[in-house]
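Enquirer: Here is how the chains run, residue by residue.
Protein chains: 4
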Amino acid sequence: MHWREKLHEIIYEADTPKGKAFDVILLIVISLSILFVMLDSVQAIYDEYHYFFYIAEWVITIIFSIEYILRIISIKKPFRYIFSFYGIVDLLSTLPLYLTFFFSTSYALMTLRALRLLRIFRILKITRYIGASNNLATALKRSLPKIMIFIYAVIIISFITGTLMYLIEGPEHGFTSIPVSIYWTIVTLTTVGFGDIHPVTPLGQFIATLIMILGYGVIAVPTGIVSSEYATQSKQQSKNTQSCYNCGEKEHKDSAKFCQTCGYSLNKTPTD
Amino acid sequence: MHWREKLHEIIYEADTPKGKAFDVILLIVISLSILFVMLDSVQAIYDEYHYFFYIAEWVITIIFSIEYILRIISIKKPFRYIFSFYGIVDLLSTLPLYLTFFFSTSYALMTLRALRLLRIFRILKITRYIGASNNLATALKRSLPKIMIFIYAVIIISFITGTLMYLIEGPEHGFTSIPVSIYWTIVTLTTVGFGDIHPVTPLGQFIATLIMILGYGVIAVPTGIVSSEYATQSKQQSKNTQSCYNCGEKEHKDSAKFCQTCGYSLNKTPTD
Amino acid sequence: MHWREKLHEIIYEADTPKGKAFDVILLIVISLSILFVMLDSVQAIYDEYHYFFYIAEWVITIIFSIEYILRIISIKKPFRYIFSFYGIVDLLSTLPLYLTFFFSTSYALMTLRALRLLRIFRILKITRYIGASNNLATALKRSLPKIMIFIYAVIIISFITGTLMYLIEGPEHGFTSIPVSIYWTIVTLTTVGFGDIHPVTPLGQFIATLIMILGYGVIAVPTGIVSSEYATQSKQQSKNTQSCYNCGEKEHKDSAKFCQTCGYSLNKTPTD
Amino acid sequence: MHWREKLHEIIYEADTPKGKAFDVILLIVISLSILFVMLDSVQAIYDEYHYFFYIAEWVITIIFSIEYILRIISIKKPFRYIFSFYGIVDLLSTLPLYLTFFFSTSYALMTLRALRLLRIFRILKITRYIGASNNLATALKRSLPKIMIFIYAVIIISFITGTLMYLIEGPEHGFTSIPVSIYWTIVTLTTVGFGDIHPVTPLGQFIATLIMILGYGVIAVPTGIVSSEYATQSKQQSKNTQSCYNCGEKEHKDSAKFCQTCGYSLNKTPTD
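Protein chains in written order, with numbering that gives the first Met the number 0: chain C, 0 to 271; chain U, 0 to 271; chain W, 0 to 271; chain Y, 0 to 271.
So that you can see chain C by itself, here it is in the shape it has in the complex:
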């Protein structure tokens, strides 16, 4: 077997011992990388272990760079990989550190920090290792257009009630502008309720009460939609699987007596 085929097996397939080991190591490196990005942002930890994080970041970036190059080398159609979702994620996992060279002196600290934090997107590399629940995905995809209408309704309601609350409460009670009032309305409608802004006038509190009860009714809609679509989805999957001995068609209804594809009796067996 050619070395490229071997490499392909190790990197892209998980059913050989070497392939499994490769995946496990990569998962550990990704997890460590994300952990380091997170801890690096805690001031107290940064002050103490700054140098360690700097070294670790270089090691991890080099590992990901090697992985990226190996993935390109070992695949037949490298461009398809490069422009795929995971290809872009893999590239973004290595770039930030290299880019800091170009910006390190002239540009502001903000750009640097933004670049360093881009590394958090490495978490998307993990999704590769989760078997996608197709059932769930299909239900979500089917619910999407209806949920969009619902989100649109939420936006309409929050624009109108947000403006109303701005008019009633005004800047003196924290509703400093219409965008802020809309932000407050969405905070209330989704039952989050931070409490950073809250109505003070009786009329404002009364309208807030209406928004909350409306939010209650509104929350029922996406739940109902996903719930119903998911139920339909799983029902279709769990359907009786009596198969036709003539054409092999499997998806018949429980009460079916004849194959819906070829009309052959479902009760007959090959031995008849």
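Calculated from the structure, these hints are not laboratory results. From the three backbone atoms N, C-alpha and C, an ideal C-beta is built for every residue, glycine too. Certain hints may be false.
[To be verified] With the C-beta cut set under 10 Å, the calculated list includes, among others, these residues of chain W facing chain U: (1) D39; (2) L188; (3) Q232.
[Stated by the list, open to error] Listing some non-contacts, in silico: residues in chain C with all C-beta distances to chain U over 10 Å: (4) A20; (5) I177; (6) I224.
Following the hints, put chains U, W and Y in place on chain C, whose structure we already have.
Expert: Just chains U, W and Y now, kept in the frame of chain C:
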């Protein structure tokens, strides 16, 4: 074709290129209008771009005025349009600015601000361009009477527990009056929880705990209702209605080609 | 017709014009009564209209007293009414004011205030005028035992995590005692989140995160139960109502060909 | 009957009067024990009744110790009990107080407090007395793998948006580090919304708005899953399985007396 018919086609129908262009332009103008109303309310932006917003408001109002007049001219029964939902929305989209002339000197700033903000209702003009999800609307309409009973129950509960909390916590812990206590109960029952008012005494916290757990149970009700009604709705729509011409059996799956009860081909018609 | 029968018709039945008028007047008096109790608790309104509320309370109490006496007189079995739910509610609607005589001088202000607020329970008198949604009530009744287990689980979780949070955060961060910590856990688990108490230590915030995600999963349970029970309930009601011409049995399945009660063919009509 | 058999009957079975009495007494002792742990943590109560709680704790610990020993003696396979869930819970219910002897002088107060609070786990002893709702448990077990994927999605989203918010708002607005920002994102996504940290910049508030609406959509997923699985579960259980001995048709309603397909009496058996 008469010019009025042509106009009608452009304004009321969206399937010709000109009609589509008209709709797209209008959508952009509406969106801009709402954006300007929102930005106008932000003090910092208002201070800088006040004059620009003033001009823009005039341009937009004139555009909407022309649209309103054209809609009346091009339709056969103008009164039906004028008193329809969108007719009133269209009128309200133009009026505010004109009305400011009458109030500008003598009346207070409050009235002016209220009038200016009325323009936010222009957002309702957008609903014209959203294909209504009849399925969703029917489910909501059917759920409404049951949700009303549920809302009534929420009100009863919040009146009684609100009074109870007023008695227990009292004005010294923020529950200044019964209406305010009822407002707090609804904030809690709907799981919004601003935190502007919160129980301080052990008994008050205990009752708050009960309200929260009750709110949990209560939230299940509208969700359950909408969920169930929506499921019924979508089930009825998704039912394939191709019936067998031999035995009359109706409940076939979408993919069925032969009757599941008698094995007769579903594609054959009596005329075959 | 005897005067007691006439009175019974007016008070207990709503299908005659006089009965309807009686109900409408009573509803208005109840609503006014509740409104006055609420407004009376607002300090600013109380200061101004104290005397008016005092008079109004006397008028309303006398109206309810007359109503109570008339209800007892006009019914055949007065004791069944007196000890019924509405009998007790009606009595409690009149008592508070009379009781203030006995406590007015010697007892504390607290008792008086409590008594005055008891009047809010008059709101329960309104439930008489709402047609109970039996469908909803049955679904709730059937869900109750399962929801009880769920509430029990919530209590177990909040006792354990409450104690844990008390240990981690301690009195210095607002978790002053285990009962307070349990209160906080329920506030968090039910996604209310007042923010009066919140974790400050990293470990506390991490456990709070777990509780919130758990709360998310937990909220799904009662919703799922009510949703499912309600769906079952409404499905059974909406069932095909083809009735048997032999025995009158109505609840047959869609696919039924013979009556499930007497075995008579459902396709036969009396004219056969 | 041997004394060990008698003891087994009293301790492990609840259908004899003595067994019932044993269970009731134990339940009371457990409840008192938890109540004491809770009250003991309230400073004001601790100061007054400290000595009483100390004595009570000793009495309760001795009762649980005796119970633990009796359970081991009266069972045939003591090791299976000792390493079972309830065996460990029972042991942990007695240990804390004994362990305080070893730590009382040399170790810190913290360890002692932790040990004392371990007693709250006695609440798990109560689960023994609740008939598990198998229906609910099965639905939850079946939903678990799908809910895990959903929780994973929540974690991915909160890591990315948490980092984004840290970048936008920064330490000066309370988002002191990435872990804290992730904590805030989960607080927001689960609609808890403490308000201890909240966005201040317009961009931060806009992204917060997106997170909240996303959280709305996301909350629908576990609810939909549990709801659907529970419905499937209860449907399968509630299906009447009385079958017709004539034609074999199985799906009859509970009230059916005759087969709906052939009209044969459902009460007749082949032996009639």
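Enquirer: With reference to the structure, classify each hint as holding or not holding.
Expert: So, going through the hints one by one against the coordinates:
1. D39: holds, 8 Å
2. L188: holds, 8 Å
3. Q232: The hint holds - W/Q232 has a Cβ within 10 Å of chain U, the shortest such distance being about 9 Å.
4. A20: C/A20 clear of chain U: closest Cβ-Cβ about 44 Å, beyond 10 Å.
5. I177: violated, 4 Å
6. I224: Not fine: 6 Å to the nearest Cβ puts C/I224 too close to chain U.
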